[in-house]
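Read top to bottom, the protein sequences are chains A and B.
The opening residue of the first sequence carries number 99 in my numbering; numbering runs sequentially from there.
The opening residue of the second sequence carries number 74 in my numbering; numbering runs sequentially from there.
Worth flagging that the hints you see were computed from the coordinates, not collected in a lab.
The structure presented is a predicted model; accordingly, all values stated were derived computationally and were not measured.
Beta carbons are placed, not taken as given, at the ideal position from N, Cα and C, and that holds for glycine.
Careful: at least some of the hints might be erroneous.
Not the full set, but computed from the structure, chain B residues with beta-carbon under 7 Å of chain A [stated by the list, open to error]:
no. : residue
1   : THR159
2   : TYR162
3   : THR164
4   : LEU175
5   : GLN339
6   : VAL350
7   : VAL354
8   : SER357
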Amino acid sequence: MRIELQRRDAPSRRMSLLSPLIALALTMLTGCIIFLVLGVDPIAGIYAFFVEPLTETWSLHELAIKAAPLILIAIGLSICFRSSNWNIGAEGQFITGAIAGSAIPILMPEASGAWVLPAMLVLGMLGGAAWAAIPAFCKTRFNANEILTSLMLVYVAQLFLDWLVRGPWRNPEGFNFPESRTFSAGQILPEILDSGRTHYGAVFAVVLAVILWLSLTKTVKGFEIRVIGQARRAGAFAGFDANRLTIFAFLLSGALAGLAGISEVSGAIQQLRPSISPGYGFTAIIVAFLGRLNPLGIIVAGTVLALTYLGSEAAQIMLGISDKIGRVFQGLLLFYVLSCDTLIHYRIRFAAIDRRPSKEIA
Amino acid sequence: MGILEAVLLTIITAATPLLLAAIGELVTERSGVLNLGVEGMMIIGAIAGFAFAQMTGNPYLGTLAGAILGALFSLFFGFLVLTLVTNQYATGLALTILGLGLSGLWGEAYIGVPGIKLQPVAIPLLSEIPFFGPLFFKQDILFYISIGLVCAVSYFLFRTNAGLKLRAVGDNHHSAHALGVNVIAVRYMAVMFGGACAGLAGAHLSLVYTPQWVENMSAGRGWIALALVVFASWRPYRVLSGAYLFGAVGIAQLHAQALGIGIPSQFLSALPYIATVVVLVLISRNRRLTLINTPATLGKGFVPDR
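Please model the complete structure; the sequences and the hints are all you need to start from.
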């Protein structure tokens, strides 16, 4: 038996809605098999992973806290990926954003007043955008592959943060722990509800996703992004400058990743540590694709992926299996999402290998 | 053993995994497929090599397992990009994420377990040569394989019919298809070869470089290998020199840290990554040269018209 692809005349609308759902279902099915291999009751496993975190107020708050950075980063990445700019260094931009934004509370611990938080957020965005500007510049000016340069800069950013919190930015009263001083009241992103820890990062995520969706669908810039991504030459004839768009996409996604970074540090962690992200920048790539590069879809997809973080913790506590299972689920999900996207553009046929139907040449 | 000899030995050890992974990826890319999953295949090779060496007590079986599992793991990628024609960039990333996750899950039982080192094999007579003998003829088997592979790949690509077909597939899949070459089959084999090589590279990490299992122990080497292929402009012998250059940068920062010169260790650790960016910029600057060397269908999917 062989698998043949037949191009559809037009992309299937039904499939483009269904494909993320099919991918989720297949991931859960594969998850059941993995649970069986690990000797865990698959029903209990799926329950612990996907349902348990949704049953309590505090865990819903944790879900929002984890979803916020994923959504913020992923909507930026969706602009990049739509325009064929492969920024996979969002993790590094998240970190430099967090560092830049934390400069105020760490270097000026006495700083207080209404200007402090907005200044931190702006610095965070600038920090992320500056880090993203490097691969964008290397790509447009020197033709250097942005995938590799942006990824290499992740390691550099991680090491830089490590140096800061062990060296010059270490808390002087911190008993030599590799941590910065903790932020004081006016430097912490406030919580939005009385019932739990969800901070304003979640608001930024949803509001910006909606704004970005509107600008993608309703403005010329949005049209330009879609045209250049799909047909670079056609875009050039229309007078769209691909290099300028590359810079724009990188700066925007860097700024959003930086905003996610400073929101996470100021809202959830409230100090700098050697490690401030459980791989948000990489997971956001999956979020972007699961959301079909649509900012509104990304809000849903970010929540689903946030669930895999909480689910792996819950599975570890309830069933005693490794929390590494979360990463496996994330990888599987991206695999299935990409496979199912094939269904949008192609019909899949299973044909016998020796009796290939001959087709007249049209 | 002199200090120079000791330094050169560590450079060889650092360069070998880069060389193995890069020569495999070079073949994959020559067939027109860009597999960004090198990091994932490498880490699968590392845990497979370590686990099988532990189970059997034999590091050679571990090495073999690393290659086989690397190749099998690359089939996930191959099926998606070749049969289902998915986006190669995204699928390669998925392979890396999945590889890091699976290896972490599998390796949990092996954290802190003392490893089994792949011992050097001395070649009679040649290893007696002063200075050069211990450097080149008293090495672990993976070093010999890495050098052998570079020569073999170069011969295969430029001196054999099958190699010509592979390059034809990479440069123009429609013409190759019209001439009766099975584009998809060639690419499947090239992807699996790349997977096996990355698996060997991973096995080198967990059986030679640091004989133990550490989570994420590939530490970006898969990505550096990808950069090496660009650096080498898809030529096997240039991969050799590139791998040793990068190995030297990695070792230089280790020695600088040991000497305790005034630079913070994090800055020195960042050197290999910064060097990669700088080298990529330097090598890609000449657009025309890059265009000539890059396999023309690199990263583009192919659906045979029947």
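Problem set entry | chain A contact restraint for B/VAL350 - C-beta distance below 7 Å | At 5 Å from the nearest chain A Cβ, B/VAL350 passes the 7 Å test, so the hint holds.
Problem set entry | Proposed interface contact between B/GLN339 and chain A, which counts if any beta carbon pair is under 7 Å | Constraint on B/GLN339 satisfied, holds at 4 Å.
For this session: Against chain A, run the beta carbon of B/SER357 and see if the smallest gap drops under 7 Å.
Result: holds (4 Å)
Exercise. Taking 7 Å as the limit, does the beta-carbon of B/VAL354 come near enough to a beta-carbon in chain A?
Worked result: Status holds, d = 5 Å.
Problem set entry | Given hint B/THR164 near chain A, where the shortest CB pair must fall under 7 Å | holds (5 Å)
Problem set entry | Evaluation of the interface hint that places B/TYR162 against chain A, nearest CB under 7 Å | holds (6 Å)
Problem set entry | Hint check, B/LEU175 versus chain A [nearest Cβ-Cβ separation less than 7 Å] | With a closest approach of 6 Å, the B/LEU175 hint holds.
Exercise. Can B/THR159 be said to touch chain A, with a Cβ gap under 7 Å?
Worked result: Interface hint status for B/THR159: holds (4 Å vs cutoff 7 Å).
Checked against the numbered hints above, the structure breaks none of them.
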